[in-house]
Amino acid sequence: MWIYDKKLQYPVRVSKCDPQMAKYLTEQYGGADGELAAALRYLNQRYTIPDKVIGLLTDIGTEEFAHLEMIATMIYKLTKDATPDQLKAAGLGAHFAAHDSALFYNNASGVPWTAAYIQAKGDPLADLYEDIAAEEKARATYQWLIDMTDDVDLQDSLKYLREREIVHSLRFKEAVEIIKADRETKKVY
Amino acid sequence: MNTKLDEQYYRKLEELQQLDFGLVELTLYLDTHPNDMQALQQFNQLAQQRQQCAYQFEMQYGPLLQFGHSFSKYPWQWIETPWPWQV
Amino acid sequence: MNVSNQTREWYPFVGPFDPCPPKYVKTYVVPPNQFIPFQPMNLPQFSLQEALRRGTLWPALYSPYDSKCGKEGT
Numbered sequence: 465m466w467i468y469d470k471k472l473q474y475p476v477r478v479s480k481c482d483p484q485m486a487k488y489l490t491e492q493y494g495g496a497d498g499e500l501a502a503a504l505r506y507l508n509q510r511y512t513i514p515d516k517v518i519g520l521l522t523d524i525g526t527e528e529f530a531h532l533e534m535i536a537t538m539i540y541k542l543t544k545d546a547t548p549d550q551l552k553a554a555g556l557g558a559h560f561a562a563h564d565s566a567l568f569y570n571n572a573s574g575v576p577w578t579a580a581y582i583q584a585k586g587d588p589l590a591d592l593y594e595d596i597a598a599e600e601k602a603r604a605t606y607q608w609l610i611d612m613t614d615d616v617d618l619q620d621s622l623k624y625l626r627e628r629e630i631v632h633s634l635r636f637k638e639a640v641e642i643i644k645a646d647r648e649t650k651k652v653y
Numbered sequence: 010m011n012t013k014l015d016e017q018y019y020r021k022l023e024e025l026q027q028l029d030f031g032l033v034e035l036t037l038y039l040d041t042h043p044n045d046m047q048a049l050q051q052f053n054q055l056a057q058q059r060q061q062c063a064y065q066f067e068m069q070y071g072p073l074l075q076f077g078h079s080f081s082k083y084p085w086q087w088i089e090t091p092w093p094w095q096v
Numbered sequence: 224m225n226v227s228n229q230t231r232e233w234y235p236f237v238g239p240f241d242p243c244p245p246k247y248v249k250t251y252v253v254p255p256n257q258f259i260p261f262q263p264m265n266l267p268q269f270s271l272q273e274a275l276r277r278g279t280l281w282p283a284l285y286s287p288y289d290s291k292c293g294k295e296g297t
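Residue numbers (our numbering), protein chains in the order written: chain A, 465 to 653; chain B, 10 to 96; chain C, 224 to 297.
Accuracy of the hints is not assured; some may be wrong.
If the Cβ cut is set under 7 Å, some of the chain B residues that face chain C in the computed set are [said to hold, decoys possible]:
hint	residue
1	Glu16
2	Gln26
3	Gln27
4	Phe30
5	Gly31
6	Glu89
FYI, nobody ran anything at the bench for these hints, they're computed from the structure. Note that CB positions come from ideal geometry on N, CA and C, so glycine has one too.
Working from the sequences, and respecting the hints, build out all of it.
In C-alpha cells, the structure reads:
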C-alpha cells in the first residue's frame with residue numbers, strides 16, 4: 465500500500481501567472497515521458513523483474529509520484545485565477561471548454577495520456593533499458609522546458625527535477641549491472 | 010482553520026524536506042549498494058533525525074501522514090489546509 | 224573523456240538555401256551519469272541543505288543546466 469506525505473518533495477515557486485508555460489508543462493504531467501508514465505511504468509514492471517531490483521523500481525516509482533505532484537503544483541500555480549481570455553491567449557481555449565481550469569492527463573499538444581506510452585516486455589534488460597531511455601528523454605524535456613521560461617523560480621524547480629532524472633538513470637544502469645552479474649547464482653556454488 | 014504560513018513554517022518545512030531528500034537519495038543508493046555499511050549507518054542516523062524533526066513539525070502544523078502514521082489533535086486535523094500545492 | 228565540461232559542441236553543415244539564419248555551432252549535454260557505470264562507495268557529499276537545492280547528494284552526479292531563454296542561439 466502507499467501512504468501520502470502531506471508536503472512537496474521540493475519547494476515549488478512560480479513568480480508570475482503564465483498559462484502558456486502551464487500548457488507546455490503538461491508534457492511532463494500526461495506526456496509519453498512524463499512523471500505519470502514513469503511512475504506507472506516502474507511500478508508495473510516490478511511484478512516480473514528479478515527480486516534484487518524490485519526495491520529500486522518501487523522506490524523510484526514512488527518518487528515519480530512526488531514529481532507528478534510538483535508538476536501539478538506548477539500547473540496549478542501558473543493558471544490559478546487566470547481568466548478565460550488569458551487561457552484562450554495561451555492556447556488553452558480548447559482545454560478550458562472541456563475542463564475549465566482542471567488539470568487533465570494529456571501532453572502539451574492536448575493528446576490524452578495512454579497506457580501505450582508504457583513498455584513492459586517481461587525481459588529484465590529490455591525493461592531496464594526502456595527505463596534508462598525514459599529518464600534521459602525526461603531529462604531532455606526538462607531542458608527544453610527550462611529553455612522556454614524566464615521565470616527563475618520555475619527554472620529552479622525544473623532544474624531539480626532534471627537532476628533527479630540523471631540520478632534515476634544512473635540507478636537503473638546499476639540495476640542492469642546487478643542483473644548482468646548474477647551474484648546470487650555464484651553464491652550457490 | 011487556516012494555518013499561518015509565516016517565515017518559520019517555510020523554514021521548518023524546508024528543514025524536513027532536506028532530511029527527507031537525504032533519505033530518498035540514500036534509499037535509492039542502498040537499493041543498488043546494499044552492502045555499504047557506512048551509507049547504511051548514515052541512513053539510520055538520518056531516519057532518526059527525521060523522526061524528531063517531523064514530530065516537531067506535526068505538533069505545530071498538523072499531521073503529515075495518515076492512516077494512523079501521524080497523531081491528530083481535536084478536531085481531526087488531516088482535512089485542514091494548506092495542502093502541499095497551496096503553500 | 225571530459226567530465227568537468229558537460230557541454231559538447233558540433234558544427235552542422237550549412238546549406239546555401241536554408242531560410243532560417245544558420246546556427247554554426249550546436250550543443251548538447253552529456254551529464255556525469257554517462258561516465259559512472261556503478262557509483263563507487265564513499266563519494267564526497269553535499270551538505271543536506273545543498274543536496275536538496277541541487278537535486279542530488281553527491282557532487283559527482285551533479286549536472287548544472289542554464290536556461291537558454293532570452294539568449295540568442297549560439
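**Report entry** Violating hint indices (sorted, rising)
**Finding:** Of the numbered hints, 1, 6 do not hold.
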